[in-house]
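Asker: Work out the full structure: start from the sequences and follow the hints.
Line by line, the protein sequences give chains A and B. Oh and the first sequence: position 291 is 291 in this note's numbering, straight run, nothing missing. Oh and the second sequence: position 31 is 31 in this note's numbering, straight run, nothing missing.
Please note that the accuracy of each hint is not assured.
From chain B, some residues computed to sit far from chain A (all C-beta separations above 10 Å) [what the hints assert, rightly or not]:
1) ILE26
2) ALA52
3) GLY120
4) PHE175
5) ILE189
Simulated DEER-style distance windows between Cβ atoms [said to hold, decoys possible]:
6) A:PHE62 with B:ASP58: 15 to 25 Å
7) B:ALA51 with A:GLU149: 15 to 25 Å
8) B:GLY14 with A:GLY125: 47 to 57 Å
9) A:GLY202 with B:ILE123: 25 to 35 Å
10) B:GLY120 with A:GLU120: 22 to 32 Å
11) A:PHE108 with B:ALA51: 58 to 68 Å
12) A:MET88 with B:TRP24: 15 to 25 Å
Note that these hints are calculated values from the structure, not bench results. Nothing here was measured: the structure is a model prediction, and the numbers come from that model. Heads up, the beta-carbon is just placed ideally off N, CA and C, and yes, glycines get one too.
Next come the chains, spelled out residue by residue.
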Amino acid sequence: MASADAATHDDHGHGNGKVPGALRGFLKDDHEWFYFQTWMILTGLFIISYIGPFIGEALHMFAITMVTAFGIAVVKAGLVIKRFMHLMDEPKFIWQMNATALVFILLFFFWVAPDVMSHEGANWGNQAGASITMTTHIEDFDPDVVWTERCATCHGEEGRGDGPAGTAIYPRPTDFTSRAYWATADHDIMATAILDGGVALGRSRYMPAFRTAFAAGHGGGHEGEVDTLPGERTEQLIARIMTFRPPPEAAPAPAPVAVPTREPTPTPTPEPVIDDTVALDGYGLIPGGEVVPAPAPAPTGPSEAELAARAQYIQGRVFN
Amino acid sequence: MMGKPIATTRTVMGVSTGKLAVWWLIVSEIVIFGGLLASYVMHRIGHPEWAASAAHTDVRIGGLNTMVLLTSSLMAVLAHAAAGRGDGPLAAKRLAVTIGFAVMFLCVKAYEWTTEISHGYTITASGFWQFYYVAAGIHAAHIIAGAIIMGFVMMQARRNHELGRVELIGLYWHFVDLVWIFLFPLLYIAK
Chain A
1 MASADAATHD
11 DHGHGNGKVP
21 GALRGFLKDD
31 HEWFYFQTWM
41 ILTGLFIISY
51 IGPFIGEALH
61 MFAITMVTAF
71 GIAVVKAGLV
81 IKRFMHLMDE
91 PKFIWQMNAT
101 ALVFILLFFF
111 WVAPDVMSHE
121 GANWGNQAGA
131 SITMTTHIED
141 FDPDVVWTER
151 CATCHGEEGR
161 GDGPAGTAIY
171 PRPTDFTSRA
181 YWATADHDIM
191 ATAILDGGVA
201 LGRSRYMPAF
211 RTAFAAGHGG
221 GHEGEVDTLP
231 GERTEQLIAR
241 IMTFRPPPEA
251 APAPAPVAVP
261 TREPTPTPTP
271 EPVIDDTVAL
281 DGYGLIPGGE
291 VVPAPAPAPT
301 GPSEAELAAR
311 AQYIQGRVFN
Chain B
1 MMGKPIATTR
11 TVMGVSTGKL
21 AVWWLIVSEI
31 VIFGGLLASY
41 VMHRIGHPEW
51 AASAAHTDVR
61 IGGLNTMVLL
71 TSSLMAVLAH
81 AAAGRGDGPL
91 AAKRLAVTIG
101 FAVMFLCVKA
111 YEWTTEISHG
121 YTITASGFWQ
131 FYYVAAGIHA
141 AHIIAGAIIM
151 GFVMMQARRN
161 HELGRVELIG
171 LYWHFVDLVW
181 IFLFPLLYIA
191 K
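Answerer: Okay, structure coming up:
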């Protein structure tokens, strides 16, 4: 037999609507129709909360997203509490119990949130969060400043991957002074890492994405908006990072070549002119870079040993 | 009175002891889920970089599960209405439909998680995903527990026994729905 509690809630006169004919087999009385109406309202609110954020994003109005997503969630919760759970029909102490729990949650939030939402404390720091937050307001882009304030926290001021945050994370941030790094460096990979973060490359999740931060205007660009600024700023930052590239290793001295006394001494061949800017094209870092041809060899030509030594030298300049 | 569960026969301060117990349970759940969600909100605000992770949750799947739970709540309250009229078999049928929606919710959730995990978004991927799996996981555990208990209540209701329990499990079920109403915008909409 139903308890007294179970029966009482339906006796408070929730509306007077009549059950439509099509639903009479499903809904037995006006109270059930009332519940069904509540469900329809909840469904309508859900649709608004689903669509609202898309509209807010299209109109670049964050307030619409907040109101439709969270404001409507509160309204929906109120409907469920009032009409499905019948909280208001219970003795006062029941909802006072619930309200007390909510008050403690709010106290917890407002006592703890100021610390948790901060990006630094006495003995800790949220470098990734701080980096993202600071870069969202870049307008006067200066790659040196961006490097110092945003990148050096992990990569180090000298680009050695030894910034204060970098020493605490694994995998370690890229060491831009490493020849091994530059041997395989790629312009597109660097750009992707800067714009879309390490996750986009399947690498470190600690490398944040700066595409939004580098976009035009406060708060970054918006999806669907053509904004070339992130790409341009990324190029400037890459150029800044390239200053960490180590100088080429000293070329090994060519092996002494035994020259037969009876044969004429070969004419010395001038060193090939290696333009550093052009050499970087070997990394794919300067799109469109052109190779400057070395001066034509003397007609008499070097020996094979000299050619080998020279090839080794050029390889050292270009790829290390 | 022998053999009759005391929770449905004794009242305290005008409320059956069974219902009072459920309300106490809900109060404790408010602290559990409230603390979890409050922690998520403050961390989400403090970690704007989480937006990159949040962008990978599927709002369509979250929306589908929202509708599944809202509809299951309707069926639970309709079962309560039927129990209030003393119609145990109808209440049992409606509870069975509610359980069906619970199973549907879990299947959708299983598909969703499988997809996310296969794409590398595991619980260790980032702070966001840790909160995501813990919050949604605890909620799913409540769905499972509620569905099992509802099964027992349904079997009793079919025989017109202990119809008061239909309201008790309904209260719990509405609370689980309530939690999801807040989880949905937090995890799926706030990118």
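Asker: Please go over all the hints and tell whether each is borne out by the structure.
Answerer: So, going through the hints one by one against the coordinates:
1. ILE26: violated (7 Å)
2. ALA52: violated (6 Å)
3. GLY120: violated (8 Å)
4. PHE175: violated (7 Å)
5. ILE189: violated (4 Å)
6. A:PHE62 with B:ASP58: 15 to 25 Å: The hinted range 15 to 25 Å holds for PHE62 (chain A) and ASP58 (chain B), with Cβ atoms some 22 Å apart.
7. B:ALA51 with A:GLU149: 15 to 25 Å: holds (20 Å)
8. B:GLY14 with A:GLY125: 47 to 57 Å: At roughly 54 Å between Cβ atoms, GLY125 (chain A) and GLY14 (chain B) fall inside 47 to 57 Å, so the hint holds.
9. A:GLY202 with B:ILE123: 25 to 35 Å: violated (18 Å)
10. B:GLY120 with A:GLU120: 22 to 32 Å: For GLY120 (chain B) and GLU120 (chain A) the Cβ distance comes to about 30 Å; the hint holds.
11. A:PHE108 with B:ALA51: 58 to 68 Å: The hinted range 58 to 68 Å is violated for PHE108 (chain A) and ALA51 (chain B), with Cβ atoms some 24 Å apart.
12. A:MET88 with B:TRP24: 15 to 25 Å: holds (19 Å)
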